[in-house]
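These protein sequences, in sequence, are chains A and B.
Quick note: the first sequence, position 60, residue 60 per the numbering used here, numbers continuous.
Basically the numbering used here = 1-based index in the second sequence + 1000.
Bear in mind the hints are in silico, worked out from the structure with no lab data behind them.
The beta-carbon is built from N, C-alpha and C at its ideal position, and this holds for glycine as well.
Hints may contain errors.
To be verified - Below are the DSS-like pairs computed for lysine-lysine, each with C-alpha atoms no more than 30 Å apart in a straight line: (1) A:Lys-7 with A:Lys-65; (2) B:Lys-1003 with A:Lys-65; (3) B:Lys-1038 with A:Lys-7; (4) B:Lys-1003 with B:Lys-1070.
Claimed, not checked - Computed list of chain A residues with no C-beta within reach of chain B, every gap over 12 Å: (5) Gln-22; (6) Gln-24; (7) Asp-26; (8) Gln-37; (9) Ser-42; (10) Glu-58; (11) Gly-60; (12) Lys-65; (13) Pro-67; (14) Thr-74; (15) Phe-75; (16) Thr-79; (17) Asp-87; (18) Ser-97; (19) Ala-106; (20) Leu-113.
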Amino acid sequence: SAVISQKPSRDICQRGTSLTIQCQVDSQVTMMFWYRQQPGQSLTLIATANQGSEATYESGFVIDKFPISRPNLTFSTLTVSNMSPEDSSIYLCSVSSGANVLTFGAGSRLTVL
Amino acid sequence: AQKVTQAQTEISVVEKEDVTLDCVYETRDTTYYLFWYKQPPSGELVFLIRRNSFDEQNEISGRYSWNFQKSTSSFNFTITASQVVDSAVYFCALSEAGGSYIPTFGRGTSLIVHP
Chain A
1 SAVISQKPSR
11 DICQRGTSLT
21 IQCQVDSQVT
31 MMFWYRQQPG
41 QSLTLIATAN
51 QGSEATYESG
61 FVIDKFPISR
71 PNLTFSTLTV
81 SNMSPEDSSI
91 YLCSVSSGAN
101 VLTFGAGSRL
111 TVL
Chain B
1001 AQKVTQAQTE
1011 ISVVEKEDVT
1021 LDCVYETRDT
1031 TYYLFWYKQP
1041 PSGELVFLIR
1051 RNSFDEQNEI
1061 SGRYSWNFQK
1071 STSSFNFTIT
1081 ASQVVDSAVY
1091 FCALSEAGGS
1101 YIPTFGRGTS
1111 LIVHP
């Protein structure tokens, strides 16, 4: 299965600032998925990122708040914009490893003060 | 719409006890997949098993076993002779053919195994 490198692994940010999370995959993949995991909660899909097209956002998530880039088949970024304490979460990048199985990065733990 | 329910928020056991994690799902699709993932304290989710809707055969892998019952829409996970290293959050997930196979996750069950 694919190996995913995600960074930063954790960060503490001030309210109102933005943070960009990077996701690098060791193989070419068509779709990349960004999930959010709020403290003690399940994983919620933010958006699906396809190379060469705009990301597809799930209900409750908008591009202005979570802009995503997908410049090639091995890389994607998620930006959390104008952060508030409610954005404190783990953000996870994932790809499909075949047979509908997802492989996840180690996650980026974000704390907003 | 697909839905996954893990009613057990947290389970605490002593090492060597057997423990079963429950998962109940809802779907209107006849073609779907069920999964279990493990999230240890380090945070990275690890895939454990996938089952498709046409295969109700139970599976055993070492100390892990899974019981898939379509009649009760359940996909339960049993750890036999639990160990401290089993301490983690376990997520059950469902993906449907009609949902482009993007999985929906349950809320997770936190398993704490005490030495």
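How the hints compare with the structure:
| no. | hint | result |
| --- | --- | --- |
| 1 | A:Lys-7 with A:Lys-65 | holds (19 Å) |
| 2 | B:Lys-1003 with A:Lys-65 | holds (26 Å) |
| 3 | B:Lys-1038 with A:Lys-7 | holds (21 Å) |
| 4 | B:Lys-1003 with B:Lys-1070 | holds (15 Å) |
| 5 | Gln-22 | holds (16 Å) |
| 6 | Gln-24 | holds (15 Å) |
| 7 | Asp-26 | holds (15 Å) |
| 8 | Gln-37 | violated (9 Å) |
| 9 | Ser-42 | violated (4 Å) |
| 10 | Glu-58 | violated (9 Å) |
| 11 | Gly-60 | holds (14 Å) |
| 12 | Lys-65 | holds (20 Å) |
| 13 | Pro-67 | holds (20 Å) |
| 14 | Thr-74 | holds (19 Å) |
| 15 | Phe-75 | holds (19 Å) |
| 16 | Thr-79 | holds (21 Å) |
| 17 | Asp-87 | holds (17 Å) |
| 18 | Ser-97 | violated (8 Å) |
| 19 | Ala-106 | violated (4 Å) |
| 20 | Leu-113 | holds (21 Å) |
In summary, the structure is inconsistent with hints 8, 9, 10, 18, 19 from the numbered list given earlier, while agreeing with the others.
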